[in-house]
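Novice: Residue numbers (the working numbering), protein chains in the order written: chain L, 1 to 242; chain A, 243 to 476.
These are computed hints drawn from the structure, not numbers from a lab. Some clues are possibly wrong.
Part of the chain L face toward chain A, derived, beta carbon under 10 Å [stated by the list, open to error]:
| id | residue |
| --- | --- |
| 1 | L58 |
| 2 | Q105 |
| 3 | P132 |
According to the in silico footprint, chain A covers these stretches of chain L (three or more CB under 8 Å from chain A) [what the hints assert, rightly or not]:
| id | stretch |
| --- | --- |
| 4 | 77 to 84 |
| 5 | 91 to 102 |
Every residue gets a Cβ at the ideal spot worked out from N, C-alpha and C, and that includes glycine.
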Amino acid sequence: MRAPSTILPLALDNVSFVAGGRAIVDSISCEIAAGGRTIIVGPNGAGKSVLMRLCHGLLQPTAGRVFWRGASGNAVHRRQAMVFQRPVMLRRSALANIEYALALQNVSRGERARQAQDALARVGLAHLSDRPARVLSGGEQQRLALARAWALRPEVLFLDEPTASLDPGAAREIENAIAAVHASGTKIVMTTHNLGQARRLGDDILFMHQGRLAERAPAERFFTATATTEAAAFIKGELPWT
Amino acid sequence: MSTLGQAFQQAFGLVASGDPDLIGIVALSLRISLTAVLLSTLIGLPLGAAIAVGRFPGRKTLIVILNALMGLPPVVVGLLVYLFLSRAGPLGDLGILFTPAAMVLAQTILILPIIAALSRQAIEDAWVEYQEQLRSLGAGRLSAALTLLWDTRFSLVTAVLAGFGRAAAEVGAVMIVGGNIDGVTRVMTTAIALETSKGDLPLALGLGIILLALVLTLNAAAYLTKEAAQRRYG
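Whole structure, please, built from the sequences with the hints as guidance.
Specialist: Below is the structure:
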């Protein structure tokens with residue numbers, strides 16, 4: 001069976017996720033297409049991370065449906081990767097962490113080392129390939145997580161607040177790496193509560209508020225001609241100088 | 243006080259002289275307990291990982307039972323194994339009662355829950371941290387379990403050590419199924435019990451000193467290795 005050329009667009013049909021009697025994600029319908037970088041913004045607790053996990057298939061919606069228009073079944077999962085807020089590194093070297101991910105995708109043993117080295121080099125970590133991953137700094141670990149996801153050559157890369165626990169310098173390096181991943185042809189879907197970052201990286205903005213998709217707009221319009229009062233209040237609170 | 247002092251003096255003398263009887267007892271003890279540890283580890287670690295990562299009905303009950311079995315009294319295990327292995331018992335045809343094999347069996351039953359329960363806890367803690375990442379990378383439950391076994395290896399050393407400590411120190415089970423036969427099934431703990439009741443305190447003390455030293459050395463070595471490895475791998 002030949003892999004489909006694209007799994008996108010990703011479609012959400014009236015998706016809800018209820019836990020503990022509370023709708024964390026509340027009746028969201030939207031479509032995420034190939035191309036620009038989609039950024040999900042909103043205050044803490046708006047349901048961004050849960051929405052992303054629903055998209056990636058780590059959580060199942062309690063109502064509604066998440067599906068990929070280009071493909072279905074097992075083929076879908078291998079075409080996506082995710083970078084978490086706090087990277088989880090295995091107790092082995094940086095290089096072996098990437099090789100591990102490639103092994104799960106049945107990449108041949110000989111190919112793994114080469115592709116892993118390649119991925120490390122792309123995020124500027126080639127010199128740390130033999131270092132145990134868990135003793136790297138937070139920023140290095142996150143870049144390694146990005147390299148691990150990138151090595152899988154995903155069509156879609158999900159990033160959940162990838163810079164939230166990093167200092168500004170490390171965050172900037174991650175942003176640069178994300179831009180490079182996007183330039184290589186991978187669709188970026190990212191959550192952030194940092195509007196400055198959304199502005200720097202975003203093409204397409206989804207604004208979430210209390211579990212709902214309150215506003216969706218191209219980045220330019222979202223920041224200059226905000227349509228909803230919730231989004232306007234959020235922008236005003238986050239970027240008081242604009 | 244002077245008897246105690248004398249006993250210690252003679253005990254150290256015995257240990258230093260390398261008395262062949264003494265060495266025989268120590269060697270048998272180690273052989274039995276280490277074999278039991280090896281068997282319990284081979285069964286207990288995969289079992290612990292399976293319960294940690296698996297989802298099946300009765301899982302919570304199983305965890306409670308496994309935890310409770312950590313406190314299994316050695317004499318009870320000895321008694322049960324005795325009943326199974328005695329001539330009228332279901333496994334009587336094996337004819338291994340009062341042999342080292344029976345002692346290995348009893349100790350394995352005794353420490354398997356310890357190793358399984360402690361490794362289950364360590365692996366489940368790691369699973370909470372790793373779960374989303376491993377699932378995102380496409381790992382199934384089996385490969386996740388194997389990954390976690392390797393990634394928690396430093397914690398699992400502690401689980402195995404706890405099992406060894408229990409096996410080396412217990413007297414009730416090996417006494418009942420081994421019979422404390424001189425030169426055949428007499429191990430350190432049963433010898434200590436016997437010599438104490440006979441009043442031969444130096445030999446009992448000497449064995450006690452060796453037993454303590456062995457357990458201490460092994461734990462120190464394991465601790466230092468673990469520390470060094472953890473510093474290296476984080």
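Novice: Against this structure, judge whether each hint is valid.
Specialist: Going through the hints against the structure:
Proximity of L/L58 to chain A holds as hinted, the smallest CB-CB distance being about 6 Å (cut-off 10 Å). With a least beta-carbon distance of about 6 Å to chain A, the hint placing L/Q105 at the interface is held under the 10 Å criterion. Evaluation of the L/P132 hint against chain A yields a held restraint, the C-beta minimum of about 4 Å falling below 10 Å. Judged by the Cβ-Cβ criterion of 8 Å, the stretch 77 to 84 of chain L is covered by chain A as claimed, because 5 of its residues qualify and three suffice.
Under a criterion of three residues with beta carbons nearer than 8 Å to beta carbons of chain A, the stated coverage of the stretch 91 to 102 of chain L is upheld, 4 such residues being counted.
Hint check: no violations occur; every hint is consistent with the structure.
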